[in-house]
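Got chain A sorted already, so can you dock chain B onto it with the hints?
2 protein chains.
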Amino acid sequence: MSAGQANPTVAEQVLLYDTTLRDGMQGEGMSLSVEEKVRVAHALDGLGIPLIEAGFPSSNPKEEALFDVLANETFEHAEIAAFGMTRRKGAAAPYDQAMMALADCFAPVCTLVGKTWSLHLEKVTRVDPEENLRMIGESVAFLRASGKRVIYDAEHFFDAYADDPGYALSCLHAAADAGAENVTLCDTNGATLPRRVGEATALVVAELGEAVQVGIHTHDDAGCGVANSLAAVEQGARLVQGTMNGYGERCGNANLVTLLANLQLKLGFDCVPPGLLSRLTETAHLVDELCNVSPDANPPYVGANAFAHKGGMHVAGVNRDSRTFEHLDPAEVGADRRLLVSELSGRGTIRARAEDTGVDLDDEAAGRIVERVKGLEHRGYHLEAADGTLDLLIRRETGHYEPLFRLEAWRVIVEKRQDGKVETEATIKIWVDGERYVRTAEGNGPVNALDSALRDAIGETYPHLRDIELVNFKVRILDERKGTGAATRVLLDASDGHDTWGSIGVSENIIEASWEALVDSLEAGMLPARIERVPGAGARPG
Amino acid sequence: MSAGQANPTVAEQVLLYDTTLRDGMQGEGMSLSVEEKVRVAHALDGLGIPLIEAGFPSSNPKEEALFDVLANETFEHAEIAAFGMTRRKGAAAPYDQAMMALADCFAPVCTLVGKTWSLHLEKVTRVDPEENLRMIGESVAFLRASGKRVIYDAEHFFDAYADDPGYALSCLHAAADAGAENVTLCDTNGATLPRRVGEATALVVAELGEAVQVGIHTHDDAGCGVANSLAAVEQGARLVQGTMNGYGERCGNANLVTLLANLQLKLGFDCVPPGLLSRLTETAHLVDELCNVSPDANPPYVGANAFAHKGGMHVAGVNRDSRTFEHLDPAEVGADRRLLVSELSGRGTIRARAEDTGVDLDDEAAGRIVERVKGLEHRGYHLEAADGTLDLLIRRETGHYEPLFRLEAWRVIVEKRQDGKVETEATIKIWVDGERYVRTAEGNGPVNALDSALRDAIGETYPHLRDIELVNFKVRILDERKGTGAATRVLLDASDGHDTWGSIGVSENIIEASWEALVDSLEAGMLPARIERVPGAGARPG
Numbered sequence: 006m007s008a009g010q011a012n013p014t015v016a017e018q019v020l021l022y023d024t025t026l027r028d029g030m031q032g033e034g035m036s037l038s039v040e041e042k043v044r045v046a047h048a049l050d051g052l053g054i055p056l057i058e059a060g061f062p063s064s065n066p067k068e069e070a071l072f073d074v075l076a077n078e079t080f081e082h083a084e085i086a087a088f089g090m091t092r093r094k095g096a097a098a099p100y101d102q103a104m105m106a107l108a109d110c111f112a113p114v115c116t117l118v119g120k121t122w123s124l125h126l127e128k129v130t131r132v133d134p135e136e137n138l139r140m141i142g143e144s145v146a147f148l149r150a151s152g153k154r155v156i157y158d159a160e161h162f163f164d165a166y167a168d169d170p171g172y173a174l175s176c177l178h179a180a181a182d183a184g185a186e187n188v189t190l191c192d193t194n195g196a197t198l199p200r201r202v203g204e205a206t207a208l209v210v211a212e213l214g215e216a217v218q219v220g221i222h223t224h225d226d227a228g229c230g231v232a233n234s235l236a237a238v239e240q241g242a243r244l245v246q247g248t249m250n251g252y253g254e255r256c257g258n259a260n261l262v263t264l265l266a267n268l269q270l271k272l273g274f275d276c277v278p279p280g281l282l283s284r285l286t287e288t289a290h291l292v293d294e295l296c297n298v299s300p301d302a303n304p305p306y307v308g309a310n311a312f313a314h315k316g317g318m319h320v321a322g323v324n325r326d327s328r329t330f331e332h333l334d335p336a337e338v339g340a341d342r343r344l345l346v347s348e349l350s351g352r353g354t355i356r357a358r359a360e361d362t363g364v365d366l367d368d369e370a371a372g373r374i375v376e377r378v379k380g381l382e383h384r385g386y387h388l389e390a391a392d393g394t395l396d397l398l399i400r401r402e403t404g405h406y407e408p409l410f411r412l413e414a415w416r417v418i419v420e421k422r423q424d425g426k427v428e429t430e431a432t433i434k435i436w437v438d439g440e441r442y443v444r445t446a447e448g449n450g451p452v453n454a455l456d457s458a459l460r461d462a463i464g465e466t467y468p469h470l471r472d473i474e475l476v477n478f479k480v481r482i483l484d485e486r487k488g489t490g491a492a493t494r495v496l497l498d499a500s501d502g503h504d505t506w507g508s509i510g511v512s513e514n515i516i517e518a519s520w521e522a523l524v525d526s527l528e529a530g531m532l533p534a535r536i537e538r539v540p541g542a543g544a545r546p547g
Numbered sequence: 006m007s008a009g010q011a012n013p014t015v016a017e018q019v020l021l022y023d024t025t026l027r028d029g030m031q032g033e034g035m036s037l038s039v040e041e042k043v044r045v046a047h048a049l050d051g052l053g054i055p056l057i058e059a060g061f062p063s064s065n066p067k068e069e070a071l072f073d074v075l076a077n078e079t080f081e082h083a084e085i086a087a088f089g090m091t092r093r094k095g096a097a098a099p100y101d102q103a104m105m106a107l108a109d110c111f112a113p114v115c116t117l118v119g120k121t122w123s124l125h126l127e128k129v130t131r132v133d134p135e136e137n138l139r140m141i142g143e144s145v146a147f148l149r150a151s152g153k154r155v156i157y158d159a160e161h162f163f164d165a166y167a168d169d170p171g172y173a174l175s176c177l178h179a180a181a182d183a184g185a186e187n188v189t190l191c192d193t194n195g196a197t198l199p200r201r202v203g204e205a206t207a208l209v210v211a212e213l214g215e216a217v218q219v220g221i222h223t224h225d226d227a228g229c230g231v232a233n234s235l236a237a238v239e240q241g242a243r244l245v246q247g248t249m250n251g252y253g254e255r256c257g258n259a260n261l262v263t264l265l266a267n268l269q270l271k272l273g274f275d276c277v278p279p280g281l282l283s284r285l286t287e288t289a290h291l292v293d294e295l296c297n298v299s300p301d302a303n304p305p306y307v308g309a310n311a312f313a314h315k316g317g318m319h320v321a322g323v324n325r326d327s328r329t330f331e332h333l334d335p336a337e338v339g340a341d342r343r344l345l346v347s348e349l350s351g352r353g354t355i356r357a358r359a360e361d362t363g364v365d366l367d368d369e370a371a372g373r374i375v376e377r378v379k380g381l382e383h384r385g386y387h388l389e390a391a392d393g394t395l396d397l398l399i400r401r402e403t404g405h406y407e408p409l410f411r412l413e414a415w416r417v418i419v420e421k422r423q424d425g426k427v428e429t430e431a432t433i434k435i436w437v438d439g440e441r442y443v444r445t446a447e448g449n450g451p452v453n454a455l456d457s458a459l460r461d462a463i464g465e466t467y468p469h470l471r472d473i474e475l476v477n478f479k480v481r482i483l484d485e486r487k488g489t490g491a492a493t494r495v496l497l498d499a500s501d502g503h504d505t506w507g508s509i510g511v512s513e514n515i516i517e518a519s520w521e522a523l524v525d526s527l528e529a530g531m532l533p534a535r536i537e538r539v540p541g542a543g544a545r546p547g
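Chains A and B, in that order, are what the protein sequence lines are. Adding 5 to a residue's 1-based position in the first sequence gives its number in our numbering. Adding 5 to a residue's 1-based position in the second sequence gives its number in our numbering.
Same shape as in the complex, but just chain A:
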């Protein structure tokens, strides 16, 4: 607990509801594959988030595939919620395809969004207010009858409440009376200020708090997304919706990362198992990576600058008593204090990682690796997302490493011909066990061609390579202001069906960066610790 802010008498639960996979995807440029969404869900589960909204179970084939996959995944802490709208106007049960898909999907929780604001009924949906109440009540009742727990998202609640409090409340009543276990007040247009959010929430809690749990869903259009959620919680809301890193439409949703730390560490609520909170930073960054978003340096708690100290006086003060210049021990959220003289930071992490992969590190070697990591990160490497490359680095520094091959040269030719066809060819020249191999392969892209040529050359010597698949390939430009002349960071994820690991390469030349990551991904896949886990895979020779 931190500097005088926690209230030890409060230990109530606030349910965190993550909507990264649905509302977060409304953010500009956001788009995740089914596999990435599943990885995000597991990351959230690992952090202890209890409710994960996965999307619309039937809005398109990709969402359908997602629900099929999620149905067979196991989560330790999280339940999956499916999202949909209230039934169509004038429809009779079973209403419509979307409603049936909600009723039929595996998710135990369904979240229904419905209209609350007469302006929207008039101008957008053109639905009679009484019919809207029926739409809410009947949709909730239908899903309850299908065995679902139901959360009702009252769209534009605060605008509706300002215009016509009676009608806004009657929408909530319609949901509650039909069996919703929660009514969530949504600030859909996003710029209501905290005082008004608090006042309206207090009134809703007074009126419906006995019957249902009240939730809050805010956006950041006035820069108050987090504060608005806190204001609602202070007035009795006990479910908080938000997205990882605040992704979302326009200015984004309330940042669930910040909210989790504020609620649990500053206000003393019970949100996630306390031991998991130290995964906050790592999880926030992992989700950024999966979404191909460059982590921002400034966000509360998890940004690279959040616990950075400049100047000797700060450093001296922090050394005497960290409360002088820090509102929190960064370790509580898995962040590092960044001091100009931070010699100790990181050794523990490195030693833990080495142990995981079967390498014993003494303190001196760990220190050397920390320095090496810092040097690489300064050049644009990002080892947090590249555990395979880190494993190789640890082994190189401790003499536990032997390369699979020695490179002589490679060449890639990509040609767009007169007939419009694009052809790609890669040639590599390498040495394996004293023998020279020259191989040429075609591919549908330069990295694919290099990968094929390399596997062709070393596959006989290392048969386990056949099991290793490259499952993800990400490219980020490091100083994007330099346009196509900037340095490029390539992240590759590889898998042998049992284990997945990341590798990284950095170069001005995207092909060279890819090559570096490609070699690391294969080398890391052949490490003894990994091979031993794969039944039937031969250990590497030597």
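By construction, these hints were calculated from the structure, which means they are not laboratory data. Wrong hints could be hidden among the right ones.
Which copy is meant is left open, so a pair is good if it fits within one copy or across any two.
In silico lysine to aspartate or glutamate, EDC-like type, Cα no more than 16 Å apart, as pairs [claimed, not checked]:
(1) Lys94 x Asp133
(2) Lys94 x Asp334
(3) Lys128 x Glu447
(4) Lys426 x Glu513
(5) Lys94 x Glu136
(6) Lys479 x Asp293
(7) Lys128 x Asp326
(8) Lys479 x Glu294
(9) Lys434 x Asp424
(10) Lys128 x Asp168
(11) Lys426 x Glu440
(12) Lys128 x Glu521
(13) Lys434 x Asp334
(14) Lys479 x Glu41
(15) Lys94 x Glu143
(16) Lys67 x Glu382
(17) Lys479 x Glu33
(18) Lys426 x Glu447
(19) Lys426 x Glu41
(20) Lys434 x Glu420
(21) Lys426 x Glu413
(22) Lys67 x Glu41
(23) Lys379 x Asp367
(24) Lys426 x Glu521
(25) Lys434 x Glu413
Just chain B now, with coordinates in the frame of chain A:
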């Protein structure tokens, strides 16, 4: 005034106090020349900001030079404040160099920061609490006697108040009794939450509000910088300190851009002359540019995404009544509404975009383009981030398009040699105005080499191409489960110094996808609507 949030009975003034040039410079990587600081000051003045803290008048030669220059500048709305610390412990008048520099400088306002928290007196400065009170009182009195108006910044006020409210208040009294016109409560460690800020401020206003104005200075370490300032204003604080775009140490200071819009448009306070508020977006971006910071797309009010709409229903709603999906008319803060084109968009969005770029579309053509967009998005294109490509698409569908050149073929060779060096060479063969050009160029990567060769070939015919820079390059793998065999989406942003636009290419081959985006980025930069905006750029021939 916007949707039901303004309170017409309140028309009190809240003094905005900008500390971009002092506290904002504590942000990582921030550094401005004297000339740039003067430009920032004029930008703030143009927005109507009444108080600008310029820095320490004597902390180094650069700051000294700044005060010399500022002394001779004329500002219409702004007064300059000089910043410094209370006198050294045990010193007698005139105390120290810094105090004398404050007394001697031209600025009519001096802001003094002093200790308020006993933890800091014990652990950091090792000053006796009684001596600290004398340091505050005597420093304020000295500057008052030198003819200055004085603001007292109570460092760590909220932590101090939580530990020992009596002592914290006595520090404020010492400043007020000595003649300070304002005491500003600083949340220096930055993570106090709004309720506590409001409570403490209410108490200070009750105790000292008759004698002095109360101010607020917050940071964003709990994501509540803006909300904390609002909470203080609601309890009677009438001076708000912040930085443009929220620059500052760690997670940044309270964002004064957001605060200005919230205070004036949502709460009805008088902060800047109403006619100047429409300069908000332009000023925020100008200051970003002066500070060499890429403007973030998500901040409230001024971010490129702040008023962006996705999806047909939003677009239809906004067209019927903008309040349905907007909390504010973007024009009030000088921002533009953006309708993002994606597979979810309808004809209205496409027609609006076409109109913006000077193309008249009938309904049938708009429908055709919507279908075309859907088809492309199905193949992995993502047009909301590629307005340049969309503009070209609209023109191709309406016969308004003429290509800059006809491609015959290109070839890229990337080679990693035995000495470890990587070399890249691109050759292109194209036709421009019936003439064939064959050009070869080297580059630090394949796309860079292609870009150079292409510009070399067509640069003479289209001199405006020299003004077009590629400013951002993003790569995303679409079905990453296929690893390096997956389709690749390349997004390029280009700029001619006046305008920025995006283009996109999709292919299994990353080089082909890059080529496609590269060609579109140059073609889109040469569209008549864009060229006309650039002084001196020749229109494209034909």
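Hints versus structure:
no.: 1; hint: Lys94 x Asp133; result: within (9 Å within a copy, 73 Å between copies)
no.: 2; hint: Lys94 x Asp334; result: neither (53 Å within a copy, 31 Å between copies)
no.: 3; hint: Lys128 x Glu447; result: neither (57 Å within a copy, 58 Å between copies)
no.: 4; hint: Lys426 x Glu513; result: between (27 Å within a copy, 12 Å between copies)
no.: 5; hint: Lys94 x Glu136; result: within (7 Å within a copy, 73 Å between copies)
no.: 6; hint: Lys479 x Asp293; result: both (12 Å within a copy, 15 Å between copies)
no.: 7; hint: Lys128 x Asp326; result: between (58 Å within a copy, 7 Å between copies)
no.: 8; hint: Lys479 x Glu294; result: both (9 Å within a copy, 14 Å between copies)
no.: 9; hint: Lys434 x Asp424; result: between (31 Å within a copy, 13 Å between copies)
no.: 10; hint: Lys128 x Asp168; result: within (15 Å within a copy, 53 Å between copies)
no.: 11; hint: Lys426 x Glu440; result: neither (36 Å within a copy, 23 Å between copies)
no.: 12; hint: Lys128 x Glu521; result: neither (56 Å within a copy, 42 Å between copies)
no.: 13; hint: Lys434 x Asp334; result: neither (50 Å within a copy, 61 Å between copies)
no.: 14; hint: Lys479 x Glu41; result: within (12 Å within a copy, 18 Å between copies)
no.: 15; hint: Lys94 x Glu143; result: within (11 Å within a copy, 73 Å between copies)
no.: 16; hint: Lys67 x Glu382; result: between (36 Å within a copy, 14 Å between copies)
no.: 17; hint: Lys479 x Glu33; result: between (18 Å within a copy, 14 Å between copies)
no.: 18; hint: Lys426 x Glu447; result: within (14 Å within a copy, 23 Å between copies)
no.: 19; hint: Lys426 x Glu41; result: neither (31 Å within a copy, 36 Å between copies)
no.: 20; hint: Lys434 x Glu420; result: between (21 Å within a copy, 11 Å between copies)
no.: 21; hint: Lys426 x Glu413; result: between (30 Å within a copy, 11 Å between copies)
no.: 22; hint: Lys67 x Glu41; result: within (12 Å within a copy, 50 Å between copies)
no.: 23; hint: Lys379 x Asp367; result: neither (18 Å within a copy, 58 Å between copies)
no.: 24; hint: Lys426 x Glu521; result: between (28 Å within a copy, 13 Å between copies)
no.: 25; hint: Lys434 x Glu413; result: within (5 Å within a copy, 32 Å between copies)
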